[in-house]
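Place chain B on chain A using the hints.
Residue numbers (the working numbering), protein chains in the order written: chain A, 1 to 331; chain B, 1 to 331.
Some hints here could point you the wrong way.
Treat identical chains as interchangeable: a pair holds within one or across any two.
[To be verified] Here are the computed lysine-lysine pairs in the DSSO-like style, where the Cα-Cα straight-line distance is at most 30 Å: (1) K322 x K34; (2) K322 x K51; (3) K270 x K173; (4) K76 x K34; (5) K76 x K51; (6) K270 x K322; (7) K270 x K328; (8) K180 x K250; (9) K34 x K3; (10) K293 x K173; (11) K241 x K180.
The set of hints was computed from the structure by calculation and includes no laboratory data.
Since the structure is predicted, the reported quantities are computational estimates derived from the model, not experimental observations.
Number of protein chains: 2
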Amino acid sequence: MVKIQFDVLGIGNAMLDVIVHADDAFLSDNDLIKGAMSLIDADTAQALYAKSGPAVECSGGSAGNTISCLASLGSKAAYVGKVYNDQLGHAFIHDVRSLGVHFETALAIDGPPTATCLVIVTPDAERTMQTFLGACIGLGPDDIVEADVAASAVTYMEGYLWDPEDAKAAFLKAADIAHKAGRDVSLSLSDPFCVDRHRDEFTDLVTNHVDILFANEDEIMSLYQVDNFDDALQIVRGQCKIAALTRGDKGSVIVHGDEIHIVDAEPVSKVLDTTGAGDAYAAGFLHGYTAGKDLPTSARIGGICAAEVISHLGARAQANLKDLAAEKLGA
Amino acid sequence: MVKIQFDVLGIGNAMLDVIVHADDAFLSDNDLIKGAMSLIDADTAQALYAKSGPAVECSGGSAGNTISCLASLGSKAAYVGKVYNDQLGHAFIHDVRSLGVHFETALAIDGPPTATCLVIVTPDAERTMQTFLGACIGLGPDDIVEADVAASAVTYMEGYLWDPEDAKAAFLKAADIAHKAGRDVSLSLSDPFCVDRHRDEFTDLVTNHVDILFANEDEIMSLYQVDNFDDALQIVRGQCKIAALTRGDKGSVIVHGDEIHIVDAEPVSKVLDTTGAGDAYAAGFLHGYTAGKDLPTSARIGGICAAEVISHLGARAQANLKDLAAEKLGA
Numbered sequence: 001m002v003k004i005q006f007d008v009l010g011i012g013n014a015m016l017d018v019i020v021h022a023d024d025a026f027l028s029d030n031d032l033i034k035g036a037m038s039l040i041d042a043d044t045a046q047a048l049y050a051k052s053g054p055a056v057e058c059s060g061g062s063a064g065n066t067i068s069c070l071a072s073l074g075s076k077a078a079y080v081g082k083v084y085n086d087q088l089g090h091a092f093i094h095d096v097r098s099l100g101v102h103f104e105t106a107l108a109i110d111g112p113p114t115a116t117c118l119v120i121v122t123p124d125a126e127r128t129m130q131t132f133l134g135a136c137i138g139l140g141p142d143d144i145v146e147a148d149v150a151a152s153a154v155t156y157m158e159g160y161l162w163d164p165e166d167a168k169a170a171f172l173k174a175a176d177i178a179h180k181a182g183r184d185v186s187l188s189l190s191d192p193f194c195v196d197r198h199r200d201e202f203t204d205l206v207t208n209h210v211d212i213l214f215a216n217e218d219e220i221m222s223l224y225q226v227d228n229f230d231d232a233l234q235i236v237r238g239q240c241k242i243a244a245l246t247r248g249d250k251g252s253v254i255v256h257g258d259e260i261h262i263v264d265a266e267p268v269s270k271v272l273d274t275t276g277a278g279d280a281y282a283a284g285f286l287h288g289y290t291a292g293k294d295l296p297t298s299a300r301i302g303g304i305c306a307a308e309v310i311s312h313l314g315a316r317a318q319a320n321l322k323d324l325a326a327e328k329l330g331a
Numbered sequence: 001m002v003k004i005q006f007d008v009l010g011i012g013n014a015m016l017d018v019i020v021h022a023d024d025a026f027l028s029d030n031d032l033i034k035g036a037m038s039l040i041d042a043d044t045a046q047a048l049y050a051k052s053g054p055a056v057e058c059s060g061g062s063a064g065n066t067i068s069c070l071a072s073l074g075s076k077a078a079y080v081g082k083v084y085n086d087q088l089g090h091a092f093i094h095d096v097r098s099l100g101v102h103f104e105t106a107l108a109i110d111g112p113p114t115a116t117c118l119v120i121v122t123p124d125a126e127r128t129m130q131t132f133l134g135a136c137i138g139l140g141p142d143d144i145v146e147a148d149v150a151a152s153a154v155t156y157m158e159g160y161l162w163d164p165e166d167a168k169a170a171f172l173k174a175a176d177i178a179h180k181a182g183r184d185v186s187l188s189l190s191d192p193f194c195v196d197r198h199r200d201e202f203t204d205l206v207t208n209h210v211d212i213l214f215a216n217e218d219e220i221m222s223l224y225q226v227d228n229f230d231d232a233l234q235i236v237r238g239q240c241k242i243a244a245l246t247r248g249d250k251g252s253v254i255v256h257g258d259e260i261h262i263v264d265a266e267p268v269s270k271v272l273d274t275t276g277a278g279d280a281y282a283a284g285f286l287h288g289y290t291a292g293k294d295l296p297t298s299a300r301i302g303g304i305c306a307a308e309v310i311s312h313l314g315a316r317a318q319a320n321l322k323d324l325a326a327e328k329l330g331a
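Okay, chain A solo, but in the shape it has when bound (with noise of 0.2 Å):
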């Protein structure tokens, strides 16, 4: 068997985020849908950002938030995704190498820029994401190493990767890769507009594929259409090996076969921007789990690393997380 390598192999589209301040009423506007992440060509992502105030621009993606924790956390990472050869895309290469995470992708030489996606904060901390998945179309199955994904204990990936055409295949074979070399396969539901994209194939994912599965009430619910999360939890067990549910200020619940655990959420003294919660909460959970945590102690740490992220504006944690767990924890 190949020697672990790295905690957790992290692939998905990769992009800076570009985050303004507008209120709701910029929102209806532009009709934007309050809480999703929209997909938008070059010209109305151009439009958009013209008519938006000043903006702070850092590093985002969604499997790439939660690499960039995991790597803060102190796990071995490494990172998947496609940026092109510009300004940004050197950003964002600097900003998960920096904190030592493995990545190697290489760069877009032709074709559109590195993706960006518009972070609308409103004042009650909720985010609405504009996404221009620019060089994020050109990840392929080419782009999959396999020595590297034999080499992780748990291959993440987010629903996201749904969105670009070559990307599912790129998922796709990772996975079988993972499940040869006797690895754990993960899933983030990303967000309930993705899974009404791809929801059949969400369904035979999680059921065929995944391993441990993220999502939050509203995607699980959107997952197995229906209207309440008991039900959810009902028909998600037994589909894969772990299932953690994030509830916001509820906190989470992890199924795990006949085991359920319920845990509460981290105390926040003021929540300034949402964005980036459930890949902060992944990557705790993720980071215990791969250590050999018990389930409640991961959801725990999920929980530390979420509270972090959205007291601050933009969605990779300012703090050291390794310190802050060990806080919390030994608290």
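Same frame as chain A, now just chain B:
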């Protein structure tokens, strides 16, 4: 006489801030002078960036920050600065224009890329800045639009303009136009090391070209090479119409002929990043001054803006400064 179109026109080195967290050991390991702005070349910038942690990018530049704060306060503002036709350049232009700032400086289409400033924030909230001037070296007298300067109540310039070769000629051209039109010329001394680099020229400027001077304690003492603040205060009296001298948490002192006003600092619950404090103070002061407020009130608005900017990461305001100032002044 030309009609006033802008309360303040700012001229400065246009750049993106690349903000990273680091400890004091990082500064000493890389021979960086804590709290200072140092100029570095492209290779050094690249090497230092590669050694730095994950970054957040946002528009910066001393006068750029001031002008953005002024626009956020509701002043009519214009800005002159040189960026390259690249992703960072377009981000800079977006950020100033999105606040309603008049910006028409031609983009550089050859030469180095848009300037960046690596801002290293240490746990004590102090910032150490490493600037790659990039496209700023292309700013020159041709970029000064006579009609805009003549139509601005105050033309505001940063001392850092003395660093690139041709910008000082732009400064002097603008000062000359402003005075011929009966307007005020304002200068920020930028930082004590910048004063060291250009002391003789700055002394001459203050005496012969500047109506409103902004400086902090260290800068004004460096300018006149004295070792206490009171001596500097006595020298600067009569050198220019108004000197607004900032003293960190001790507030500010306004010198206007025989009048001296001492104004307390605004309380801040937690200082996170002192980058841009002086820039924001100048914005608040000039907002009050051009609106016909008295000097202590203008200084108070300066303090309110500085307090907002140091309470979060990044040099530009995140709150609506107009509302904030109205609330604080009303209280």
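Results for each hint:
no.: 1; hint: K322 x K34; result: between (33 Å within a copy, 27 Å between copies)
no.: 2; hint: K322 x K51; result: between (39 Å within a copy, 20 Å between copies)
no.: 3; hint: K270 x K173; result: neither (42 Å within a copy, 49 Å between copies)
no.: 4; hint: K76 x K34; result: neither (35 Å within a copy, 32 Å between copies)
no.: 5; hint: K76 x K51; result: between (41 Å within a copy, 19 Å between copies)
no.: 6; hint: K270 x K322; result: both (22 Å within a copy, 23 Å between copies)
no.: 7; hint: K270 x K328; result: both (18 Å within a copy, 22 Å between copies)
no.: 8; hint: K180 x K250; result: neither (37 Å within a copy, 66 Å between copies)
no.: 9; hint: K34 x K3; result: neither (45 Å within a copy, 44 Å between copies)
no.: 10; hint: K293 x K173; result: within (29 Å within a copy, 68 Å between copies)
no.: 11; hint: K241 x K180; result: within (17 Å within a copy, 78 Å between copies)
Violated hints for the displayed structure, listed by number in ascending order: 3, 4, 8, 9.
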